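Chains X and A, in that order, give the protein sequences. Sequential numbering of the first sequence, starting at 214, is according to the working numbering. Sequential numbering of the second sequence, starting at 214, is according to the working numbering.
Hints are computed from structural coordinates only; laboratory data are not their basis. Careful, some of the hints might be misleading.
Treat identical chains as interchangeable: a pair holds within one or across any two.
Mimicking BS3-like on lysine-lysine, the simulated pairs with C-alpha atoms at most 27 Å apart in a straight line are [to be verified]:
{"no.": "1", "residue 1": "K245", "residue 2": "K261"}
{"no.": "2", "residue 1": "K261", "residue 2": "K246"}
{"no.": "3", "residue 1": "K248", "residue 2": "K261"}
{"no.": "4", "residue 1": "K307", "residue 2": "K241"}
{"no.": "5", "residue 1": "K241", "residue 2": "K300"}
{"no.": "6", "residue 1": "K246", "residue 2": "K300"}
{"no.": "7", "residue 1": "K300", "residue 2": "K216"}
As the structure is a computational prediction, the values presented were derived from the model and not from experiment.
2 protein chains.
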Amino acid sequence: MAKPTLNQDELNTALAELEGWELSGDGKSISKKFKFSNFVNAFGFMTKMAIVAEKMNHHPEWFNVYNRVEVTLTTHDSGGITELDAKLAARMNKAAA
Amino acid sequence: MAKPTLNQDELNTALAELEGWELSGDGKSISKKFKFSNFVNAFGFMTKMAIVAEKMNHHPEWFNVYNRVEVTLTTHDSGGITELDAKLAARMNKAAA
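Bound-form chain X, shown alone (with noise of 0.2 Å):
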């Protein structure tokens, strides 16, 4: 079954929490813009993510030229925001930091 979208005040409480992340313009998605010093600090930072992201059966959106990754979450079968997203970007922060 589907997760349930986080409503508005749950959605705010994770964004707060969520550092440089943002709000899309129709609020079904949350994406961040990750710098690193080099290719192979951003592809090491994409490979730890691509093997969270496998075992939560949760993947993300994402597009990366040399030292950028850009990053999109969604919950695509609920149709907006779940916790999947917001524990997946707060994943993302973690590794990055």
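Here the structure of chain X is known, so what remains is to put chain A in place on it, guided by the hints.
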């Protein structure tokens, strides 16, 4: 020194050999959409290519969501498509085959 960009003949020859790669509208990059059976295979492809790209010191622009990987190649220093792009594109086709 920046690599010279491919001339029209060289570019046509390269594209004829690069199955699935398309020239961008401005003629300054080539791109291809790869599709895999699942995320692990898509990201496995990216991991192989990340190591190749780092060794070549020539990095892709790429977008991934689940089993799809969309790649754009250009040589920024040269302002267009060079033999580095053709070489990396060929390596990607081989890895995805």
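Practice problem: Up to 27 Å between alpha-carbons, please classify K241 paired with K300: within, between, both or neither. | Solution: Within. Shortest intra-copy distance 16 Å satisfies the 27 Å Cα cut-off; inter-copy 39 Å does not.
Quiz item: Taking 27 Å as the upper bound on the Cα-Cα distance, should K307 and K241 be classified as within, between, both, or neither?
Solution: Within one copy only: 23 Å inside, 37 Å across.
Practice problem: State whether the alpha carbon distance between K300 and K216 is at most 27 Å within one copy, between copies, both, or neither. | Solution: Within one copy, since 13 Å is at most 27 Å while 44 Å is not.
Quiz item: When no copy is named, should K261 and K246 be tagged within, between, both, or neither for a Cα gap of at most 27 Å?
Solution: Result: close both inside a copy and across copies, 17 Å intra and 24 Å inter.
Exercise. With 27 Å as the alpha-carbon cut-off, assign the pair K245 and K261 to within, between, both or neither.
Key: both (17 Å within a copy, 25 Å between copies)
Quiz item: At most 27 Å between C-alpha atoms: does K248 with K261 qualify within a copy, between copies, both, or neither?
Solution: both (15 Å within a copy, 22 Å between copies)
Quiz item: How would you classify K246 and K300 at a CA-CA limit of 27 Å: within, between, both, or neither?
Solution: Answer is within; shortest intra-copy Cα gap is 17 Å, inter-copy 29 Å.
Of the numbered hints given earlier, the model fails none.
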